[in-house]
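**Student:** Produce the entire structure from the sequences given, and follow the hints as far as they go.
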Amino acid sequence: DVKVTQSSRYLVKRTGEKVFLECVQDMDHENMFWYRQDPGLGLRLIYFSYDVKMKEKGDIPEGYSVSREKKERFSLILESASTNQTSMYLCASSGGGAKNIQYFGAGTRLSVL
Amino acid sequence: AQKITQTQPGMFVQEKEAVTLDCTYDTSDPSYGLFWYKQPSSGEMIFLIYQGSYDQQNATEGRYSLNFQKARKSANLVISASQLGDSAMYFCAMRGISGNTGKLIFGQGTTLQVKP
Numbered sequence: 001d002v003k004v005t006q007s008s009r010y011l012v013k014r015t016g017e018k019v020f021l022e023c024v025q026d027m028d029h030e031n032m033f034w035y036r037q038d039p040g041l042g043l044r045l046i047y048f049s050y051d052v053k054m055k056e057k058g059d060i061p062e063g064y065s066v067s068r069e070k071k072e073r074f075s076l077i078l079e080s081a082s083t084n085q086t087s088m089y090l091c092a093s094s095g096g097g098a099k100n101i102q103y104f105g106a107g108t109r110l111s112v113l
Numbered sequence: 114a115q116k117i118t119q120t121q122p123g124m125f126v127q128e129k130e131a132v133t134l135d136c137t138y139d140t141s142d143p144s145y146g147l148f149w150y151k152q153p154s155s156g157e158m159i160f161l162i163y164q165g166s167y168d169q170q171n172a173t174e175g176r177y178s179l180n181f182q183k184a185r186k187s188a189n190l191v192i193s194a195s196q197l198g199d200s201a202m203y204f205c206a207m208r209g210i211s212g213n214t215g216k217l218i219f220g221q222g223t224t225l226q227v228k229p
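Sequences listed follow chains H and F, in order.
Residue numbers are given in the working numbering: position 3 of the first sequence equals residue 3, and the series is strictly consecutive.
Position in the second sequence (first residue = 1) + 113 = the working numbering.
Fair warning: there could be bad hints in the mix.
Here are some chain H residues the structure puts well away from chain F; computed CB gaps all over 12 Å [said to hold, decoys possible]:
#, residue
1, Leu-41
2, Gly-42
3, Leu-43
4, Arg-44
5, Asp-59
6, Ser-67
7, Lys-70
8, Asn-84
9, Asn-100
10, Ser-111
Among chain H residues calculated to face chain F with C-beta under 7 Å, some are [what the hints assert, rightly or not]:
#, residue
11, Tyr-10
12, Gly-63
13, Ser-94
14, Lys-99
15, Gly-107
Chain H residues, not near chain F, derived (Cβ > 12 Å throughout) [said to hold, decoys possible]:
#, residue
16, Arg-9
17, Glu-17
18, Ile-77
What the hints contain is simulated information worked out from the structure, not anything from laboratory work.
Idealized CB from N, CA, C, for every residue including glycine.
**Tutor:** This is the structure in structure tokens:
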């Protein structure tokens, strides 16, 4: 069975803190993605990675960075958390092929106070 | 630019009836894929169904079918025989020609409530 695991379901942080959101997939997928979800806006892509140590900016990368040191793990980093980064964060992975379906984790609800 | 539009913020359906969730898209790519995902209140996004732009037939997966009208650029999801467990938010998404990375663009979502 497909499995994408996000380290935390809920997280509360203070403004200015450095925040790490971790994502692990067990499907040997090349591609991994970080999205944020806000009401009325759907999902917006922050960053994605198509290989170890490779990354590309998505549509809203400002204020975020990522790390992919191992194939199965993709980390999202908020260098200095701000209140406008309060959101739901979703990680996904895909293995290519004709359909190239993305499989998602359960999400992390981050509140920045 | 690519865009997905879901014009129904919320929908109600009676249990055991069929319901159609609307999705229109805009792209200049000749080849693309269309997806529907379900997001229950628990938060996880669950893949439901896929339609390729060159597929001749509409996709079906159990009680889910995709009404694909290429000329009208629409990809509506049809859920037959609705169940209480179908209550969730549903997202339409599209993947254009973006290499093998599978980058998706999502619509705003439609909340479906199934009434007993």
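**Student:** Compare the structure with each hint and give your call.
**Tutor:** The hints, checked one at a time:
For Leu-41 (chain H), the requirement that its beta carbon stay farther than 12 Å from each beta carbon of chain F is not met, with the minimum near 7 Å. Listed as outside the interface, Gly-42 (chain H) is inconsistent with that label: its C-beta sits roughly 4 Å from the nearest C-beta of chain F, within the 12 Å cut-off. Non-interface status of Leu-43 (chain H) relative to chain F is broken: a Cβ of that chain comes within 12 Å, the nearest being about 4 Å off. The claim that Arg-44 (chain H) lies off the interface is violated: its Cβ sits roughly 8 Å from the closest Cβ of chain F, which falls inside the 12 Å cut-off.
Residue-level check failed: Asp-59 (chain H) sits 9 Å from the nearest beta carbon of chain F, not beyond 12 Å. Once the 12 Å rule is applied to beta carbons, Ser-67 (chain H) is consistent with being away from chain F; the minimum gap is 18 Å. No Cβ of chain F approaches the Cβ of Lys-70 (chain H) within 12 Å, the least distance being about 18 Å, so the stated non-interface status holds. Against the 12 Å criterion, Asn-84 (chain H) stays outside the reach of chain F, whose nearest CB is about 19 Å from its own CB.
With a closest Cβ-Cβ approach of about 4 Å to chain F, Asn-100 (chain H) is found to fall inside the 12 Å limit, against its non-interface label. For Ser-111 (chain H), the shortest C-beta to C-beta distance to chain F comes to about 14 Å, beyond the 12 Å cut-off, and the non-interface label holds. Because the smallest distance between the Cβ of Tyr-10 (chain H) and any Cβ of chain F comes to about 10 Å, over 7 Å, the interface hint for this residue is violated. The closest approach between the C-beta of Gly-63 (chain H) and any C-beta of chain F is roughly 20 Å, which is over the 7 Å cut-off, so the hint fails.
The interface hint given for Ser-94 (chain H) is met, as the beta carbon of that residue sits about 4 Å from the closest beta carbon of chain F, less than 7 Å. Interface restraint check for Lys-99 (chain H): the shortest CB-CB distance to chain F comes to about 5 Å, inside 7 Å, so the restraint holds. For Gly-107 (chain H), the suggested interface contact is upheld, since its CB lies about 4 Å from the closest CB of chain F, less than 7 Å. With a minimum CB-CB distance of about 8 Å to chain F, Arg-9 (chain H) fails to clear the 12 Å threshold, and the non-interface call is violated.
Annotated as non-interface, Glu-17 (chain H) keeps its C-beta farther than 12 Å from every C-beta of chain F; the closest such distance is 23 Å. Chain F leaves Ile-77 (chain H) outside its interface by the beta-carbon criterion, the shortest separation being 20 Å against a cut-off of 12 Å.
Hint compliance for this structure: hints 1, 2, 3, 4, 5, 9, 11, 12 and 16 are broken, all remaining hints hold.
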